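Numbering (the UniProt record's numbering), first residue to last: 1 to 376.
Source of the hints: derived by calculation from the structure; they are not laboratory data. Check the hints yourself; a few may be wrong.
Distance condition first, Cα-Cα at most 25 Å in a straight line; then the derived SDA-like pairs of lysine to any residue [to be verified]: (1) Lys202 <-> Lys371; (2) Lys348 <-> Arg74; (3) Lys271 <-> Val221; (4) Lys314 <-> Ser52; (5) Lys314 <-> Glu345; (6) Lys202 <-> Phe277; (7) Lys202 <-> Leu228; (8) Lys225 <-> Gly200; (9) Lys274 <-> Ser226; (10) Lys368 <-> Met278; (11) Lys371 <-> Ile290; (12) Lys348 <-> Met204; (13) Lys276 <-> Tyr243; (14) Lys242 <-> Lys196; (15) Lys348 <-> Gly367; (16) Lys196 <-> Ser94; (17) Lys314 <-> Asp50; (18) Lys171 <-> Lys242; (19) Lys57 <-> Tyr296; (20) Lys123 <-> Met167; (21) Lys196 <-> Glu161; (22) Lys171 <-> Ala273; (23) Lys371 <-> Met167.
Keep in mind it's a predicted model, so treat the numbers as computed, not measured.
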Amino acid sequence: MKILVAQSGGPTAVINATLTGVIERARDLGYEVIGGLHGVEGILESKSVDLSTLSGKMLNSISHTPGAYLGSCRYNLPQPPDGVYDVLFNFFNSNKIDAFLYIGGNDSMDSVEKISKEAQRRKYPLLVGGIPKTVDNDLVETDHCPGYPSAAKFLNVIASEFVVDSMAYSKPVICIIETMGRDSGWLASSLKMVEKIVDGLKVMILIPELPVSEEKLLDTVNDMKSPLLISVSEGIINEEGKYLSALETVDNFGHPKLGGAGEHVATLIEKIAKVKFMNPAFSQRAATHIISEVDYREAKGVGAAAVDTLAEGKNAFFVGIERVQASIGYSSTIRIVSIDRVANEVRKVPESLFENEFIDYIAPLIGKLPKYAFRR
1 MKILVAQSGG PTAVINATLT GVIERARDLG YEVIGGLHGV EGILESKSVD
51 LSTLSGKMLN SISHTPGAYL GSCRYNLPQP PDGVYDVLFN FFNSNKIDAF
101 LYIGGNDSMD SVEKISKEAQ RRKYPLLVGG IPKTVDNDLV ETDHCPGYPS
151 AAKFLNVIAS EFVVDSMAYS KPVICIIETM GRDSGWLASS LKMVEKIVDG
201 LKVMILIPEL PVSEEKLLDT VNDMKSPLLI SVSEGIINEE GKYLSALETV
251 DNFGHPKLGG AGEHVATLIE KIAKVKFMNP AFSQRAATHI ISEVDYREAK
301 GVGAAAVDTL AEGKNAFFVG IERVQASIGY SSTIRIVSID RVANEVRKVP
351 ESLFENEFID YIAPLIGKLP KYAFRR
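Model the full structure from these sequences, guided by the hints.
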């Protein structure tokens, strides 16, 4: 079998671990692997590289490297039929591709579904699978997404350091941090864990799932005592359903470009209190120096599982992670579902996980965190 693998969307700290999981498992089974450079966009330009000859030492290095080793893209495949599919399938045919694996998030899974359906329409013998990757953690049919635990761990560490540093001064300060999360508040919610790192700290969570009333927000902040950390998801909305941070432009998929939700909240709260604001921006998804061990292991695992699924002859699939409820410790298993159950769906933070319950969800994924001592 000859497998084409590509990466798409925003890179994560473990996206390359998933790539090496694909390559290593394919090698074990005697399959050939080539990489599509810069996702579907690069494949349409016939850009690819042979991955079958990479040494074990090189694969290990790649697995711990930030960014996307094959390069990424944000290319919106049009609905078929369209001329781009002639180009795409000419590439598959000329390179004798038997299977295509796409590592990515929501929009990438949409591409997986489109390519799979077009292959079936053309009666072209191509197996297609989607492998999850997103710090936003908003893909359905999976307990969590590779990349999310590491981003959450990074955010919890820098947020706690940010708070403790701010406490060095006698005047009370409200700390505000903005996280990624356009459609859901998984990353922002993970910062509830900072209460476990910094004694006496209260964390307020602002996420898209809970519309924000600026008046009520000011009243709540006014009633709360310092120290206080406010975790703001970039996609928070007001009571009218409008983004607090929407710009006047959209991306290639028609999503509003966001920026400044945290600053908006900081400016608002400055009316009643002293504020310090932090936006870690792209650092939160690129920090390989502080990855979650669970995340790294599972990222490689979903890559290997995708190849195993191809070996079984399955098509149009998505590789999910299922949490195993155990009395001692955390464990997970692989869950294979049809791609049409995943594409164009967004997983919101369920109400059952709001506030304190979220700690039980995120703690085993992040792993060990520091514990800071300070005098108030």
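Evaluated hints:
1. Lys202 <-> Lys371: Distance ~15 Å between lysine 202 and lysine 371 Cα, so the pair holds.
2. Lys348 <-> Arg74: holds, 22 Å
3. Lys271 <-> Val221: With a Cα-Cα distance of about 11 Å, the restraint between lysine 271 and valine 221 holds, given a limit of 25 Å.
4. Lys314 <-> Ser52: Measuring from Cα to Cα gives roughly 22 Å; hence the hint holds.
5. Lys314 <-> Glu345: holds, 22 Å
6. Lys202 <-> Phe277: holds, 16 Å
7. Lys202 <-> Leu228: holds, 5 Å
8. Lys225 <-> Gly200: holds, 10 Å
9. Lys274 <-> Ser226: Roughly 10 Å separates the two Cα atoms, so the pair holds.
10. Lys368 <-> Met278: Judged against 25 Å, a Cα distance of about 23 Å means the pair holds.
11. Lys371 <-> Ile290: Given pair lysine 371, isoleucine 290 holds - Cα atoms ~16 Å apart, limit 25 Å.
12. Lys348 <-> Met204: holds, 18 Å
13. Lys276 <-> Tyr243: This hinted pair holds, its Cα atoms lying about 22 Å apart.
14. Lys242 <-> Lys196: Judged against 25 Å, a Cα distance of about 33 Å means the pair is violated.
15. Lys348 <-> Gly367: This hinted pair holds, its Cα atoms lying about 23 Å apart.
16. Lys196 <-> Ser94: This hinted pair is violated, its Cα atoms lying about 56 Å apart.
17. Lys314 <-> Asp50: holds, 24 Å
18. Lys171 <-> Lys242: Given pair lysine 171, lysine 242 is violated - Cα atoms ~34 Å apart, limit 25 Å.
19. Lys57 <-> Tyr296: holds, 17 Å
20. Lys123 <-> Met167: Distance ~64 Å between lysine 123 and methionine 167 Cα, so the pair is violated.
21. Lys196 <-> Glu161: holds, 13 Å
22. Lys171 <-> Ala273: Roughly 10 Å between the alpha carbons, so the hint for lysine 171 and alanine 273 holds.
23. Lys371 <-> Met167: With Cα atoms ~15 Å apart, lysine 371 and methionine 167 stay inside 25 Å; holds.
Hints 14, 16, 18, 20 from the earlier list are contradicted by this structure; the remaining hints agree with it.
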